[in-house]
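**Student:** Put together the whole structure using the sequences plus the hints.
Numbering-wise, the sequence shown is residues 21 to 281 according to our numbering.
What the hints contain is simulated information worked out from the structure, not anything from laboratory work.
What you are looking at is a predicted structure, and each value in this text was computed from that prediction instead of being measured.
C-beta: ideal position from N, C-alpha, C; glycine also.
Hints are not guaranteed to be accurate.
Okay, the calculated beta carbon distance ranges per label pair [claimed, not checked]:
#	residue 1	residue 2	range
1	T205	S89	28 to 36 angstroms
2	D174	H113	45 to 53 angstroms
3	L70	E140	30 to 38 angstroms
4	L115	A83	42 to 50 angstroms
5	R212	R106	36 to 44 angstroms
6	H200	T109	27 to 35 angstroms
7	K74	F231	37 to 45 angstroms
8	V208	G234	16 to 24 angstroms
9	L115	V208	19 to 27 angstroms
10	A176	H218	39 to 47 angstroms
11	P22	H200	33 to 41 angstroms
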Amino acid sequence: MPLTPVERLLALADLYTQQNDRIDLLFSGQAHAAPDAYVASAHRLEREALACIKGVRQQRLPASEPVSSAVVRLKQTVYLTSGATRYLTAAQHTLPPQDADHARPDPHRGFGQYVQLARELTALAPLTIVSSTTHIAARLHNRARNTSTVTGIDAAQHNALLEVARGHITVTEQHGHRVHSHTTTVAVEVLRHLEAQHLVTRQPASAPPLFPGGPPRDRARLTALGISTLSAVIDAPPHISLSATRPVSAPVAANAARAHR
21 MPLTPVERLL
31 ALADLYTQQN
41 DRIDLLFSGQ
51 AHAAPDAYVA
61 SAHRLEREAL
71 ACIKGVRQQR
81 LPASEPVSSA
91 VVRLKQTVYL
101 TSGATRYLTA
111 AQHTLPPQDA
121 DHARPDPHRG
131 FGQYVQLARE
141 LTALAPLTIV
151 SSTTHIAARL
161 HNRARNTSTV
171 TGIDAAQHNA
181 LLEVARGHIT
191 VTEQHGHRVH
201 SHTTTVAVEV
211 LRHLEAQHLV
221 TRQPASAPPL
231 FPGGPPRDRA
241 RLTALGISTL
251 SAVIDAPPHI
261 SLSATRPVSA
271 PVAANAARAH
281 R
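**Tutor:** So this is what it looks like as structure tokens:
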């Protein structure tokens, strides 16, 4: 079953987080340079972002300021991604020597500079997309609904799902199960609960280390079920309990079995 416009936007934010993490791992010395893969991924991001914008337009949303601004921000993300693609393509032509594959690239010259510039252009993409998605979802009054409900999703869990979608949460096992959030504090037990509910998963060693020379961290990501669940409650006020009050979009059951990208 195809993703809804809101689900597709949340999946797009995750793709940007993955791309940013891959480049960050390169600069932290935890990954080898893969310029061809970076370029292919950037092209995919452009295509997916344009498809998301088209999907939103097809919903015939009211011409309100929040929605218009959200679409403009999505367009800006596409333009920035196009610029990142050009930088990454330029980086292909300035590859380091074969014997320098294991060296950290210099972000101030040559190959490393092009990749760093590309990384800066997509740095805020996940946050921008999730913010835009919230405004768009609030106006999608004709979203497919059924009698299912989201149970056990309170304000803290709602906030944690949003932080995961924004690419703000990583986990390290160096000193036990610890959460690192970019903007807010997410309790360990909240993340564990979301993992137990199959709403969040961890991608091992896919995020850059917390400090130079440290081990790579696990990136917290939404599962297919997590994307569907968040899409149904993303526009809910954070101070209102969501437990058993908000219906889930129809694809939730089907998405539970959908392979997580």
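**Student:** Against this structure, judge whether each hint is valid.
**Tutor:** Verification of the hints:
1. T205 - S89: 28 to 36 angstroms: Once the Cβ atoms are compared, 29 angstroms apart, the range 28 to 36 angstroms for S89 and T205 holds.
2. D174 - H113: 45 to 53 angstroms: With a Cβ separation near 52 angstroms, D174 and H113 satisfy 45 to 53 angstroms, so the hint holds.
3. L70 - E140: 30 to 38 angstroms: Check failed, 21 angstroms falls outside 30 to 38 angstroms.
4. L115 - A83: 42 to 50 angstroms: holds, 48 angstroms
5. R212 - R106: 36 to 44 angstroms: holds, 42 angstroms
6. H200 - T109: 27 to 35 angstroms: holds, 33 angstroms
7. K74 - F231: 37 to 45 angstroms: With Cβ atoms ~42 angstroms apart, the hint holds.
8. V208 - G234: 16 to 24 angstroms: holds, 19 angstroms
9. L115 - V208: 19 to 27 angstroms: violated, 42 angstroms
10. A176 - H218: 39 to 47 angstroms: For A176 and H218 the Cβ distance comes to about 18 angstroms; the hint is violated.
11. P22 - H200: 33 to 41 angstroms: holds, 34 angstroms
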